[in-house]
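Chemist: Chain by chain, the residues run as shown.
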Amino acid sequence: MTNTVLRADALTRQFDEFMAVDHVSFEVGPGEIVGFLGPNGAGKTTTIKMLTGLLAPTSGTAQIVGYDIQSQPLDAKAQIGYVPDSPNLYGKLTAVEYLRFVGQLYRVPPEKIDQRTRNMLEIFDLSEVAGNYLDTYSHGMQQKIAISGAFLHDPPIVFMDEPTVGLDPRSARLIKDLLIQKRNQGRSILFSTHILEIAQTMCDRVIIIDKGRIIADARVDEMRKLRGDQSLEDIFLELTGGTDVDDMVKELANGE
Amino acid sequence: MESDTLLLMRLYWRLDWRQTSERSGMRLFRIGLLALVGIFLAVMSGLGGYGLGQVMQMPDIPLDINPGFIPGAILTVVLLAALLTSPNQAVRALYLSDDLDQLVAAPIKTRSITVSKLLTRLSWTILFVLILAGPALITYGIGIGAGIGYYIAAFILLFLAPLFGLSIGALLAMILVRWLPAKRLGEMLAAAYALIGILIALLFQLPRFIDFSGAADPQTVETLGKISDTVTNAPIPTLLAGQGLIDVGQGQLSLGLSRMVAYILITLGLFIVTILLSDRLYISGWLRMQGNSAKRRGITEDSGRLQGGSLLSTIAVKDWLLRLRDPRQLVSLVGGSLIAIVVGGLAIFRGTGGEAGLLEASQSGALDLPRQFAFFAAAFSPGVILSSAVLFVGYTVFNQLSTTSLALEGHSFPILKSAPITPRQVWQGKAISAWVPYAVVVTVLIIIAWVVVRFSLPWAFYAWACLLLMGTGMIAMNTSLGFRFANLEWTDTRRMITGAGGFYIFLISAVYLLATGLIALLFFALAAVFPVASIPLAIVGLIVIAAGTAFWIWLAGKWAESAWNRLGEE
Chain A
1 MTNTVLRADA LTRQFDEFMA VDHVSFEVGP GEIVGFLGPN GAGKTTTIKM
51 LTGLLAPTSG TAQIVGYDIQ SQPLDAKAQI GYVPDSPNLY GKLTAVEYLR
101 FVGQLYRVPP EKIDQRTRNM LEIFDLSEVA GNYLDTYSHG MQQKIAISGA
151 FLHDPPIVFM DEPTVGLDPR SARLIKDLLI QKRNQGRSIL FSTHILEIAQ
201 TMCDRVIIID KGRIIADARV DEMRKLRGDQ SLEDIFLELT GGTDVDDMVK
251 ELANGE
Chain B
1001 MESDTLLLMR LYWRLDWRQT SERSGMRLFR IGLLALVGIF LAVMSGLGGY
1051 GLGQVMQMPD IPLDINPGFI PGAILTVVLL AALLTSPNQA VRALYLSDDL
1101 DQLVAAPIKT RSITVSKLLT RLSWTILFVL ILAGPALITY GIGIGAGIGY
1151 YIAAFILLFL APLFGLSIGA LLAMILVRWL PAKRLGEMLA AAYALIGILI
1201 ALLFQLPRFI DFSGAADPQT VETLGKISDT VTNAPIPTLL AGQGLIDVGQ
1251 GQLSLGLSRM VAYILITLGL FIVTILLSDR LYISGWLRMQ GNSAKRRGIT
1301 EDSGRLQGGS LLSTIAVKDW LLRLRDPRQL VSLVGGSLIA IVVGGLAIFR
1351 GTGGEAGLLE ASQSGALDLP RQFAFFAAAF SPGVILSSAV LFVGYTVFNQ
1401 LSTTSLALEG HSFPILKSAP ITPRQVWQGK AISAWVPYAV VVTVLIIIAW
1451 VVVRFSLPWA FYAWACLLLM GTGMIAMNTS LGFRFANLEW TDTRRMITGA
1501 GGFYIFLISA VYLLATGLIA LLFFALAAVF PVASIPLAIV GLIVIAAGTA
1551 FWIWLAGKWA ESAWNRLGEE
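Top line first, the protein sequences correspond to chains A and B.
The first sequence: position 116 = 116 (our numbering), numbered continuously.
Just add 1000 to the spot in the second sequence (first one is 1) and you have our numbering.
FYI, nobody ran anything at the bench for these hints, they're computed from the structure.
Treat the numbers as computed from the prediction; the structure is a model and nothing was measured.
Check each hint, because a few of them may be wrong.
[Claimed, not checked] Listed below are the simulated SDA-like cross-link pairs for lysine to any residue, each with C-alpha atoms no more than 25 Å apart in a straight line:
| hint | chain 1 | residue 1 | chain 2 | residue 2 |
| --- | --- | --- | --- | --- |
| 1 | A | Lys-112 | B | Gln-1425 |
| 2 | B | Lys-1558 | A | Arg-118 |
| 3 | A | Lys-182 | A | Ser-127 |
| 4 | B | Lys-1295 | A | Asp-114 |
| 5 | A | Lys-225 | B | Lys-1558 |
| 6 | B | Lys-1295 | A | Ser-171 |
| 7 | B | Lys-1183 | A | Gly-166 |
| 8 | A | Lys-92 | B | Lys-1558 |
| 9 | B | Lys-1295 | A | Arg-118 |
So that you can see chain B by itself, here it is in the shape it has in the complex:
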């Protein structure tokens, strides 16, 4: 069994290495960029760990925190991260990889397949752990002046921490596959991760709702100290290991080692239990997967949508069905909208860190400029601020929707390319699928903004028309750029556009929106200086933006057509 396991592990590592080391300009650039990000995160992690260690050494620190709490918390975070990511990794490795038919049919023990697949995945998790948590754990030791034993033990624990999470994740995956088809489960887990990412992003907005002025009062400090004590002494294996680490660092070898050995036994024990259970769970789940367990739904009067309508609307509706029915697409769409609304809304209505929001500042006159600067002051009027927020929401949601609309075809792209349909029709259908909901969202948000803050009604119409035109140009161009940079081989929704594409799309969208936004603002500002000419100025402003947008759409159409011929040929 061991030789099979090692053989498979060596194979997977070699394949991973080949994929990573494959030389191409863009790949090397991405690896370089990732390395830079990794170094930055490692440095930040190290600085954080050292800082915490130094704080713990301060004699007048108000909060009485057990020194073992910090390494325990770091290991717990590693465990949780491994726990969160491992079910999806396990589903992909154990149920959705291409070599399974061959492996299951070969005279190899199931245990060799599960162990090799799980441990190969584990090596990548350990790499991330060493980059993200390793520096913090090591520099924390330096900060508190721990002995050599601390560092040796920390190194061992870092390797073991992900194993605990991976074991639970793998067990969970093997159990869930008995009820859900593996592919569906993979989609749902990917969607769940995206959702967790969104929730974390939203959590970063929490400080805006918290008043920190009373954070240092003695009662709060005492409560926090009690919480820290309770958590440190909780029967969580990683916290036990953290405490053992400190004991070893302080020279209390027998106590420290006993705690760490307990943790190691629990972790290895869990992994062994997982492997033993996998003998039964894995193969029965895999066999179940081979049969079609979906509930049979025959032809009924309403066996689905896509009945009637024009060719363009058919393409648009088809795209929406694909987005709404794939949990990964749905979460990315809903999550993006949620973040945009919360971040945009908070910036306007709450401001940052207890300061007044932009809107409040604008309404209170805090942003008013002297009369001779009325032209510039117009940029800070409530209507402009609210319109910018609406544009921000529209951009965040529909930028992604339009750029990925062609990539949504994926491997099915030959269906469109071999059909008697022009690239322009496909481009129009895709753009319409993003533009119609954009127009609805922008209209609703402008109405809400006007109802909440009664700024000038005629200028609300101006803002609405400008936003519709700007969105039309943005969606047209982004759809077109999506043709140029589509990755039709995607399996992960975050990889629907090629790496370089994301950068160009952001740059081109930003330039266009900035240019048209400034033109819209220019005519509004001129009207603030010459109020009698407001109506003609608004009309001229709209005509200029419409003309610019028309040119932009024409350009986008041409680009889409030229990109079409190359699509699917690589």
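Bound conformation, chain A alone:
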């Protein structure tokens, strides 16, 4: 066993001629919230899919709590929770059934499944509709159930792809609080987001990826200090070549 919860080493994924992720390497330690940022099509989702075993890398390795995701997939997957960018749940199961199913997939003892299910549903204010089929839920409600499922087995690390999309402010706040609470319990979270404000307030560290390559990996406060106390948004735009955004916004505002 090792102190590093996640280690990605030269992770690469090529789709035909297109290099989606190019030799990406980084580590995540215990009790860390890491923001995985990048423009659209930068390779965030592809990287997360490789880290969760959904996609095989063309080359490179990834280890979760010391287990290689390719050669020891069961041990590695038992250590992770995953919230995809779109919560594609089983529409004809109820929330309770879905969480029981996920709990059994991750070998959580039945009494713990029931107890955690009730807690999660209560936190997300879904107890009253817990017996409804999931296809009657709104996108935001489904997202909350997906998040509940990812935390049900209390994994050392949770991967979240755009977790706050479709959530109302109260739910987004709840998730922020939940992540901070989990971090304080020594759990790690790697999440991708486009909302840099959330990343700035929540993340201990951010990794910025662009065109499949990591272009920055530092603690948020260190990064800001190095860049003359700029906001994370300004740093992000500078690094990803988006400094002309201000000019573009002015042009749009002027109707040009």
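Take the given structure of chain A and dock chain B to it, following the hints.
Modeler: Just chain B now, kept in the frame of chain A:
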């Protein structure tokens, strides 16, 4: 409004065309295959129409049918087909398509959205109508020697016939959406269509119950003539149009045109009423859809299933819950079973077209062969015939169930793939979900078969064991092939397996079942020739089939594992 409508229609046509003309080997193959089927149906339709036209011209035809009845009936069938399919088309186009949020929020009149969406769908219906009903209507005119006016009018009517059905279907959909969630309504309508398809398939079995020997007697002919007259004169717009068509063809222009104009006015009037009503109905239904109207069900002691059990049984139970709760899956399952039981049962017990069924022929000795051919005669013994029927039912029902078991995951597949579970466990869970009910069904049917026809009890056990083994191999392999050919993007239950997959699955299942079936039969036939060695022969037969099945299951497991890694990556 017109420019918005045209803009949207052009967009939808362009999107449809891009999707159709997208080049890939398999797509081109499917389009080619569909074109061939279309040509075949058009030729059959044309031949049918011409034949009917010729019959109507015969001087000694016993049945006095109004010539307008046939084109009227063709147009009515088109109307009914459009009526049946249009509610689902309307629900999909008006409530479930992805661009609605954008369109409703845009400064476009609701009428432009409804008209463009409905008329774009209509163009596809018209294409089908032109392929299926067009040739019949045209060649019928040739058959009765109609004038040029007939063909021009027929062309116009063919374009208008689906509009009538579409208007009613769209109205129905807009009204139903006020009570039922659109997604649920779409599922129920899809299930209803599947059910109608099943009923039509069963209707084709009806002739086996009808005695046609007295069909040509004068009284029957007279009754049929009266029915035809009543139907022709019924106030149904399409029948009126059919009659007008004949009038025009016979040169009675004023009478014919008046009938056709009446039909056209009714159709266009209905469409205009639909569009006017849609201004209110559509937007209120759409807004209602945005709110969650489901009855709230909280946590209770029994808030659902999936409590306890092993990992494999959890997967199997979850799959059954998904199948039983989705009306489309349920109808496809129940319908398949019903067709299998009826078709299998009729083949055995009733035969075809008044001939004796296989079982009756076998029991009466009609299939007996001379003693020196006892080996071959064994294949026609009642036990073998009944066991084959049981296998047919088992195959029909559980072939589909096992092949679609992985595709059932659909977009939820990442839940399984990111979980700490091996592909073999998933494969086993899926196979178990089909095998357990297969074993129950086969056992029950063999018991019923033995109770109805008392064939040899020891050989009934042999047949039962063989069927269980054969089914195990079939389900294992089909589940595995379902991994290889799953279409996880499906929205229509008929598209859960990729096009090529269906063909390979059928081929591989047929080869396996034929091979194991022949082995089972071989040992049974040998026992018929050497009765003293019956027991050892039955045991050896079972061992051989079990060994073959074990190898097949091993192979299937390997295939499932290799297919797993590629799943969800495309």
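Chemist: Work down the list of hints and note, for each, if the structure agrees.
Modeler: Verification of the hints:
no. : hint                   : verdict
1   : A:Lys-112 / B:Gln-1425 : holds (23 Å)
2   : B:Lys-1558 / A:Arg-118 : violated (40 Å)
3   : A:Lys-182 / A:Ser-127  : holds (22 Å)
4   : B:Lys-1295 / A:Asp-114 : holds (23 Å)
5   : A:Lys-225 / B:Lys-1558 : violated (55 Å)
6   : B:Lys-1295 / A:Ser-171 : holds (22 Å)
7   : B:Lys-1183 / A:Gly-166 : holds (20 Å)
8   : A:Lys-92 / B:Lys-1558  : violated (31 Å)
9   : B:Lys-1295 / A:Arg-118 : holds (20 Å)
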